[in-house]
Amino acid sequence: MELLKKVEATKEAKPVANKIKLGHVHLSGCTGCLVSVADNYQGFLKILDDYADLVYGLTLTDVRHIPEMDVAIVEGSVCIQDRESVEDIKETRKKSRIVVALGSCASYGNITRFSRGGQHNQPQHESYLPIGDLIDVDVYIPGCPPSPELIRNVAVMAYLLLEGNEEQKALAGRYLKPLMDLAKRGTTGCFCDLMNDVINQGLCIGCGICAASCPVRAITHEFGKPQGDLNLCIKCGSCYGACPRSFFNSDVISEFEAISEIIAGALKEGEKDD
Amino acid sequence: MIEDPYLGKYLTCVSARSTDKEILKKAQDGGIATTLMVYALEQGIIDGAIVAGKGDLPWKPRPFVAMSREDILKAQRAKYNISPQISWLKEATRSFGLDKVGITGVCCQMQAVRKAQLYPINMRDVPGKIAFTVGLFCMVNFPYDSIQALVEDHANQSLSSVKKMEFGKGKFFVHTERGNVTTVPLKETHKYEQPGCHVCLDYVSNLADISTGSVGSPDGWSTVFIRTKVGNEIWSKAVAEGLFETKPIEEVKPGLGLVMKLAKEKIDKNRKTLEERRNFGVNKALRDPYA
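Chains as they are written, first to last, in the numbering used here: chain A, 382 to 655; chain B, 3 to 293.
Treat the hints loosely; a few may be bogus.
As the list claims (entries may be wrong) - If the Cβ cut is set under 10 Å, some of the chain B residues that face chain A in the computed set are:
#, residue
1, Pro65
2, Met69
3, Asp147
4, Pro197
5, Gly283
6, Asn285
7, Leu288
Stated by the list, open to error - Below, computed lysine-lysine pairings styled on BS3-like, alpha-carbon distance capped at 25 Å:
#, chain 1, residue 1, chain 2, residue 2
8, B, Lys62, B, Lys255
9, B, Lys239, B, Lys166
10, B, Lys23, B, Lys239
11, B, Lys173, B, Lys189
12, B, Lys165, B, Lys23
13, B, Lys171, B, Lys102
14, B, Lys255, B, Lys193
15, A, Lys427, A, Lys550
16, B, Lys28, A, Lys649
17, B, Lys166, B, Lys56
18, B, Lys274, B, Lys193
19, B, Lys274, B, Lys173
20, A, Lys649, B, Lys271
21, B, Lys171, B, Lys274
22, A, Lys649, B, Lys189
23, A, Lys558, B, Lys11
24, B, Lys189, B, Lys165
25, B, Lys166, B, Lys76
26, B, Lys271, A, Lys565
27, A, Lys476, A, Lys606
28, B, Lys193, B, Lys28
29, B, Lys189, B, Lys102
30, B, Lys28, B, Lys173
31, A, Lys427, B, Lys131
32, B, Lys62, A, Lys606
33, A, Lys606, B, Lys56
34, B, Lys11, B, Lys193
35, B, Lys28, B, Lys131
36, B, Lys231, B, Lys171
37, B, Lys249, B, Lys271
38, B, Lys271, A, Lys606
39, A, Lys606, A, Lys471
40, A, Lys606, B, Lys171
It is worth saying that the hints were derived from the structure and are not from the lab. All of these numbers come straight from a predicted model, not from anything done at the bench. Using N, Cα and C, we set each Cβ at its ideal position, and we do this for glycine too.
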C-alpha cells in the first residue's frame, strides 16, 4: 500500500499534452553520441519531463520495434551487410516526421568509413554507410561526438518547430535551416570540404575555428590558411560545419544573445513547479 | 538598444582612452582592448584570454592563451596580418582548463565565436565558457607575406625595425623604432589583401560584447561600442573604477559619422562583390556563405 502510494506520487502531476514523441535509433557507432545526449544532465531530463516522450531508445526504453514518432534521432552508420540495420533505418524513415542524423557517423560515415571488416564475430561486415545513403535525412548534427549543447539547441528548436507559436516556428525554422541544408548537401564530410568550398572559393579568413573543431588535431595553419593532414582526417565534417564561411545565417547568429536566453529559458521553465 | 544596418546592435557608443600609463605607452590607440582584458582577468570575469601575441618572425602574430597581465600586454598593437586565434577556442578550455574564456579578435573571428555558441559543432563545453569578447574594427586583413611586401618593398623598411603600423587617413603608415615614418598610399595596398575579407559584411565587430577601434575618435583615443549585457556590465564597472576617460561620441571629432561612412563603404562594396561572385567567370558562380 505504501509502495503504491509512492508510485502514484512519482507520476506526473500535470501530464503535458503536447509533448513530442522522440526516438533514439542506434546503429553502428561508438555510443559517444548517446553519451553526449546524456551529458546534458538536467537539461536532458528537463526535455524528457516537459517536451518529449522517449518512445524508443536502446538503453532507456523497453520497446523492441520502431514505433511512430515525431523526431527520430539516429546515431551511427548502417552496415549494409546487416539486414536488420538496413530494415531499421528504412522503418525509421517510414515512421518518423523528422529524421535527425546525430553525429558524424550517421551524417558522413566518419570513422566507420575506414572499416575493412574482419571483426570478430562478423568478419564480413565491412561496408558502413551514412544513413543519408539509404534514406532522406532532414537534419544533420555533425560532430564526433556532437556537443551536448548542439543536441540541446536542436532538440529545443525541433520542439518549437512542431509545437511552438507562429513566431517560435519561424525562428526554429531559420535556426534549423543550415543543418537541413547540410543534410541536403551530401553524405561525405572531410577536410577537403574546406579546401574545395572555402579556400578554393576565396572565402577563408584564417580565423582558426576549423582547427579548434577538429577532434583529431589534423588541422594546422600554413600561411594563415588551414592545412589538413589527410592521413589523420576521420571524415567527420566538423571543420566544414564550424566554419563561418560554410554557412552564416546572420539573421539567426546575430541574435545569439536572445536565442541563448530562449534556450536557457526553455530548459528552466516550470522548474519552480517541481 | 540601437540597431543600425551598418554598425550593428549596440547599447551605447563612446570615445574613450585607458588611464593605465603602461598600457597607453604601447597602445595602438586608446588601449581599450588591453585594459578591458586585463581588468576582466584581474576581476575573475575571465580565467585567461586568447590574444594575438608575438610570433617567431617580426610582426607575425602567434595566437596564444594569455593568463597574466604581462601576457596580455605582449599582445598589444595591431599586426594587420592573419592570426588564427580561434584555433585555441576549445584548447583553452582543455589544456589550459579555463572555465571563463576571454577572446579578442577581428569581426570574422567574432562571427566564428558566435556561430560556435549557437551551432557548437564539435565544441563540447565551449559555448558556456565564452565569458567575454572584445572585437576590433577591421576593414581588411593581409597574409603575412603581404605585410612583408608592403613594409619591405613598398615602404622600404625592415620589418624588425618597425615600431608601429597603422592604416588611416588614406594611407598605410610604417613607424620605425628610430622615428622614421613612411607612408604607402592605400591604393597600392589593395591588391595584397586577403580575398576572404572581400565578402565580409561587418566593419565594427557587430557580434562582440564590446567593440573598439580608432576610427571616429581623435588620435590616441578609441571609439567604443558596448553591445551586450555582458559587455555593458563589464564596461560600467571598469569606468566606475576609473580605468577609462570617456567622452560622449557626439562631442568628439571626427565622430560616429566617419565610422558609419567607412562601415557603409566596406559593407556596400562587399555586398557588390558577393553579387559579382554569382556571375564570376563564364557564368560560373562562387559560393555565398550568407545565403
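Tested hints:
{"no.": "1", "hint": "Pro65", "result": "holds, 7 Å"}
{"no.": "2", "hint": "Met69", "result": "violated, 18 Å"}
{"no.": "3", "hint": "Asp147", "result": "holds, 7 Å"}
{"no.": "4", "hint": "Pro197", "result": "holds, 4 Å"}
{"no.": "5", "hint": "Gly283", "result": "violated, 12 Å"}
{"no.": "6", "hint": "Asn285", "result": "violated, 16 Å"}
{"no.": "7", "hint": "Leu288", "result": "holds, 5 Å"}
{"no.": "8", "hint": "B:Lys62 with B:Lys255", "result": "violated, 33 Å"}
{"no.": "9", "hint": "B:Lys239 with B:Lys166", "result": "violated, 31 Å"}
{"no.": "10", "hint": "B:Lys23 with B:Lys239", "result": "holds, 19 Å"}
{"no.": "11", "hint": "B:Lys173 with B:Lys189", "result": "holds, 8 Å"}
{"no.": "12", "hint": "B:Lys165 with B:Lys23", "result": "holds, 18 Å"}
{"no.": "13", "hint": "B:Lys171 with B:Lys102", "result": "violated, 38 Å"}
{"no.": "14", "hint": "B:Lys255 with B:Lys193", "result": "violated, 31 Å"}
{"no.": "15", "hint": "A:Lys427 with A:Lys550", "result": "holds, 20 Å"}
{"no.": "16", "hint": "B:Lys28 with A:Lys649", "result": "violated, 46 Å"}
{"no.": "17", "hint": "B:Lys166 with B:Lys56", "result": "holds, 13 Å"}
{"no.": "18", "hint": "B:Lys274 with B:Lys193", "result": "holds, 17 Å"}
{"no.": "19", "hint": "B:Lys274 with B:Lys173", "result": "holds, 24 Å"}
{"no.": "20", "hint": "A:Lys649 with B:Lys271", "result": "violated, 44 Å"}
{"no.": "21", "hint": "B:Lys171 with B:Lys274", "result": "holds, 24 Å"}
{"no.": "22", "hint": "A:Lys649 with B:Lys189", "result": "violated, 54 Å"}
{"no.": "23", "hint": "A:Lys558 with B:Lys11", "result": "holds, 24 Å"}
{"no.": "24", "hint": "B:Lys189 with B:Lys165", "result": "holds, 23 Å"}
{"no.": "25", "hint": "B:Lys166 with B:Lys76", "result": "holds, 14 Å"}
{"no.": "26", "hint": "B:Lys271 with A:Lys565", "result": "violated, 31 Å"}
{"no.": "27", "hint": "A:Lys476 with A:Lys606", "result": "violated, 44 Å"}
{"no.": "28", "hint": "B:Lys193 with B:Lys28", "result": "violated, 30 Å"}
{"no.": "29", "hint": "B:Lys189 with B:Lys102", "result": "violated, 42 Å"}
{"no.": "30", "hint": "B:Lys28 with B:Lys173", "result": "holds, 21 Å"}
{"no.": "31", "hint": "A:Lys427 with B:Lys131", "result": "holds, 22 Å"}
{"no.": "32", "hint": "B:Lys62 with A:Lys606", "result": "holds, 14 Å"}
{"no.": "33", "hint": "A:Lys606 with B:Lys56", "result": "holds, 18 Å"}
{"no.": "34", "hint": "B:Lys11 with B:Lys193", "result": "violated, 32 Å"}
{"no.": "35", "hint": "B:Lys28 with B:Lys131", "result": "violated, 30 Å"}
{"no.": "36", "hint": "B:Lys231 with B:Lys171", "result": "violated, 33 Å"}
{"no.": "37", "hint": "B:Lys249 with B:Lys271", "result": "violated, 31 Å"}
{"no.": "38", "hint": "B:Lys271 with A:Lys606", "result": "holds, 24 Å"}
{"no.": "39", "hint": "A:Lys606 with A:Lys471", "result": "violated, 41 Å"}
{"no.": "40", "hint": "A:Lys606 with B:Lys171", "result": "violated, 30 Å"}
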